[in-house]
Amino acid sequence: MRHEDYKEMLAANALSALDADESRALATHLEDCRDCLSELNEWQETVAFVALSTNPAEPSIQLRERILAAVRAAGSPSATYADSAAHRASSSSLVLPFEKRGKNVWTSLGSFGAIAAAFAMVAMLIGLLTLWQQNRSTRAELVRLATQMRETSEELAYERAMVALLTKPGSRMTELAGTNVAPGAHAMLAYDKTGHAMLMTRNLPAAPPGMAYQLWFIKDNQKMPGKVFTTDARGNGVLEDQIPASALATAVYAITLEPAGGVQVPTGAIYLVSAS
Amino acid sequence: MSLEVNPEQARASEVELLHAVARGDEAALARLYDQYRVILFGLLMRILGNREEAEDVLQDVFIQVWRRAADFDEKRGKPFTWLVTLARSRAIDRLRLLGARQRLADAAGKDQTEDVSDALADTIHSGQREIVQRALAELPEEQKQALVLAYYDGLTQSEIASQLGTPLGTIKTRMRSGMTKLRALLGTQLENFGYSGKA
Numbered sequence: 001m002r003h004e005d006y007k008e009m010l011a012a013n014a015l016s017a018l019d020a021d022e023s024r025a026l027a028t029h030l031e032d033c034r035d036c037l038s039e040l041n042e043w044q045e046t047v048a049f050v051a052l053s054t055n056p057a058e059p060s061i062q063l064r065e066r067i068l069a070a071v072r073a074a075g076s077p078s079a080t081y082a083d084s085a086a087h088r089a090s091s092s093s094l095v096l097p098f099e100k101r102g103k104n105v106w107t108s109l110g111s112f113g114a115i116a117a118a119f120a121m122v123a124m125l126i127g128l129l130t131l132w133q134q135n136r137s138t139r140a141e142l143v144r145l146a147t148q149m150r151e152t153s154e155e156l157a158y159e160r161a162m163v164a165l166l167t168k169p170g171s172r173m174t175e176l177a178g179t180n181v182a183p184g185a186h187a188m189l190a191y192d193k194t195g196h197a198m199l200m201t202r203n204l205p206a207a208p209p210g211m212a213y214q215l216w217f218i219k220d221n222q223k224m225p226g227k228v229f230t231t232d233a234r235g236n237g238v239l240e241d242q243i244p245a246s247a248l249a250t251a252v253y254a255i256t257l258e259p260a261g262g263v264q265v266p267t268g269a270i271y272l273v274s275a276s
Numbered sequence: 001m002s003l004e005v006n007p008e009q010a011r012a013s014e015v016e017l018l019h020a021v022a023r024g025d026e027a028a029l030a031r032l033y034d035q036y037r038v039i040l041f042g043l044l045m046r047i048l049g050n051r052e053e054a055e056d057v058l059q060d061v062f063i064q065v066w067r068r069a070a071d072f073d074e075k076r077g078k079p080f081t082w083l084v085t086l087a088r089s090r091a092i093d094r095l096r097l098l099g100a101r102q103r104l105a106d107a108a109g110k111d112q113t114e115d116v117s118d119a120l121a122d123t124i125h126s127g128q129r130e131i132v133q134r135a136l137a138e139l140p141e142e143q144k145q146a147l148v149l150a151y152y153d154g155l156t157q158s159e160i161a162s163q164l165g166t167p168l169g170t171i172k173t174r175m176r177s178g179m180t181k182l183r184a185l186l187g188t189q190l191e192n193f194g195y196s197g198k199a
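Going down the list, the protein sequences come from chains A and B. With the numbering used here, you'll find the first sequence wraps up at 276, consecutive numbering, no jumps. With the numbering used here, you'll find the second sequence wraps up at 199, consecutive numbering, no jumps.
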C-alpha cells in the first residue's frame, strides 16, 4: 500500500470507522510516518469538536465521589489506611501527662474539671476516629464490591456477546491451554467466518508494568500480530480482534507477553497456545 | 454568568491540571472532572443512550485519566481532544462489546438529554455548540449521515455501506469529503474559543 492510500484512511481512523485489517495496517504505517501521525492528530481534533454539538448532560452527583474514591483506593491500599488509623489511635492514648505538674490542692481540685473535660474530649476524639475509620473501611469495601460487580457485569456481557457470535452459521471455537510459564491459565477464542474473533482468558498472571499480552495468528510458521490486552486482578482478560483472512480456520493461536504497545514479531514467552 | 476566558490561559491551565494529575494530585483530577463532566457525559449519553452505562464509562474514563495522564503529550494535541478521544473510544468499545447497536438504534430516547437545566446548557459551551451544529447542518445529508453513523453508532465504513446498501467506495468518499468540509467549516470559527489550530 502506498503512502497516499494510508493518508486516505486517516479521517476514517479518527472516527474509529476503519475495519480491523485496515486499522492494523495503518497502525503499522503510523509507527514510521510522522506526516500521517501529524495529520491524524488534526483529524482527531475535528472529531473532538463534534462532541461540542451534543447536548450537555449532568451525571449524578454521586459519580464524582465514586471516581475519587476509586482513585483513592487505587493509590492507597486499604492496609495503608488501617496502619495509619492504628497509628493515630495509639498516638491519641499518649496525650495525658497532667499529673506531672506540681500544683497545690486548690489548684489541683480546680484542675479536676479540666482533666475530666480533657478525658471526655480524648474519649470523644477516639470515638470519632473509630467511626471515621469504620466509615472509610465501609466506603473502601463498597468501592471494591462495586468494582467487582462492574467487572462481573462486563464479563457476563462479553460472554453473551461470545455466545451470540457462536450462534452465527459457520462460527467456531478454539481452546488455548497454558504453557509451562502459566500452567493454570486457559482461554477460549470464538470467531465467525468473517474472522471476527472474541477471546476470553482465565488465570493469566498479571502483566508487569509496561507489558501486556498479545494475540498471534500463526500460519505456516508465519506469525501475524493481533491486538494487545491486559488482565484484571483475577487474571481474566478479554479481547476482540480480526483474524487475517489468510489465517482463518487453519491457524494456530498463541498469546505472548510483550511491551504494552505490542510488537510486529513476537519477543516474549508463550503463555497460551492452541492445539496445532 | 460568563464563562469567557482567555483561550491560551485556559489551555495552559488544563495542561497543568493534567501534569498535576500525572503527579498524583487528586484535587487536579477533581477539577478536570468538574470542568468536563457535563460535555463528556452528554457525549456518552448520546452514544450509549443509557444513563447507567454512560456513568460507568465516564468513571472508567477518569480512572484512565488518573492512570494515563503521564501519557498525555501536549505537542500532539490539546487536553480537550485527548479527553474526548478517550471518552468516545471507551464508549464505542462498550457499544461494540455489548453488541447493542440495534438496541440503541431502536431506543427512542437516544437523542434526548433531559438531564441538564436549560440555564446550565446555555452557559456551557453554548457558543461552540452552535458553531458545530451549524457546521454539521451545512454538510450534504448523505455525508452527514455517514459521519453520524460512525460517530454515534460506532459503525465501521463496511457496516455503514452494508446498512445503507451503498457501495463501500461511496461511503469512504462521503466520509472523507464530509470530514474535510467539517474541518474547513470549524477551523477558523473555533479558533476564537481556543479549540482550533495546533497545540
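Please keep in mind that the hints were generated in silico from the structure rather than gathered at the bench. Please note that a few of the clues may not be correct.
Mimicking EDC-like on lysine to aspartate or glutamate, the simulated pairs with C-alpha atoms at most 20 Å apart in a straight line are [said to hold, decoys possible]: (1) A/LYS168 with A/GLU141; (2) B/LYS75 with A/ASP32; (3) A/LYS168 with B/ASP34; (4) A/LYS193 with B/GLU159; (5) B/LYS181 with A/ASP32.
Okay, the calculated beta carbon distance ranges per label pair [to be verified]: (6) A/SER38 with B/ARG134: 36 to 46 Å; (7) B/GLY127 with A/GLY75: 13 to 23 Å; (8) B/GLY187 with A/ARG34: 14 to 24 Å; (9) B/GLU52 with A/MET121: 44 to 54 Å; (10) A/LEU128 with B/ASP93: 40 to 50 Å; (11) A/PRO183 with B/PRO140: 38 to 48 Å; (12) A/ALA275 with B/PRO140: 48 to 58 Å; (13) B/GLY127 with A/VAL122: 12 to 22 Å; (14) A/ARG172 with B/LEU164: 29 to 39 Å; (15) B/ASP73 with A/MET1: 21 to 31 Å; (16) B/GLU74 with A/GLY75: 19 to 29 Å.
The beta-carbon is built from N, C-alpha and C at its ideal position, and this holds for glycine as well.
Checklist entry - Is 40 to 50 Å right for how far apart the beta carbons of A/LEU128 and B/ASP93 are? => result Holds - the Cβ-Cβ distance for A/LEU128 and B/ASP93, about 44 Å, lies within 40 to 50 Å.
Checklist entry - Okay, B/GLY127 versus A/GLY75 on CB: inside 13 to 23 Å? => result violated (37 Å)
Checklist entry - So does B/GLY187 sit 14 to 24 Å from A/ARG34, Cβ to Cβ? => result Between B/GLY187 and A/ARG34, where Cβ atoms are some 22 Å apart, the hint holds.
Next on the checklist: Taking the Cβ atom of B/GLU74 and the Cβ atom of A/GLY75, is their distance within the range 19 to 29 Å?
Outcome noted: holds (24 Å)
Next on the checklist: Run the distance test for A/LYS168 versus A/GLU141: straight-line Cα separation, threshold 20 Å.
Outcome noted: violated (41 Å)
Item to check | Given pair status - A/ASP32, B/LYS181, alpha carbons within 20 Å | outcome: Roughly 28 Å separates the two Cα atoms, so the pair is violated.
Checklist entry - At the C-beta level, are A/PRO183 and B/PRO140 separated by a distance inside 38 to 48 Å? => result With Cβ atoms ~59 Å apart, the hint is violated.
Checklist entry - Can the suggested window of 48 to 58 Å be confirmed for the beta-carbon pair A/ALA275 and B/PRO140? => result holds (53 Å)
Checklist entry - Within a Cα-Cα threshold of 20 Å, do B/LYS75 and A/ASP32 meet the stated pairing? => result Holds: B/LYS75 and A/ASP32 sit about 17 Å apart, inside 20 Å.
Next on the checklist: Does the beta carbon distance between A/SER38 and B/ARG134 stay inside 36 to 46 Å, or does it fall outside?
Outcome noted: Hint violated: Cβ distance 28 Å, outside 36 to 46 Å.
Next on the checklist: Can you confirm whether the C-alpha distance between A/LYS193 and B/GLU159 stays at or below 20 Å?
Outcome noted: Status holds; Cα separation ~16 Å.
Next on the checklist: Verify the CB-CB distance for B/GLY127 and A/VAL122 against the hinted window 12 to 22 Å.
Outcome noted: violated (58 Å)
Checked against the numbered hints above, the structure breaks hints 1, 3, 5, 6, 7, 11, 13 and satisfies the rest.
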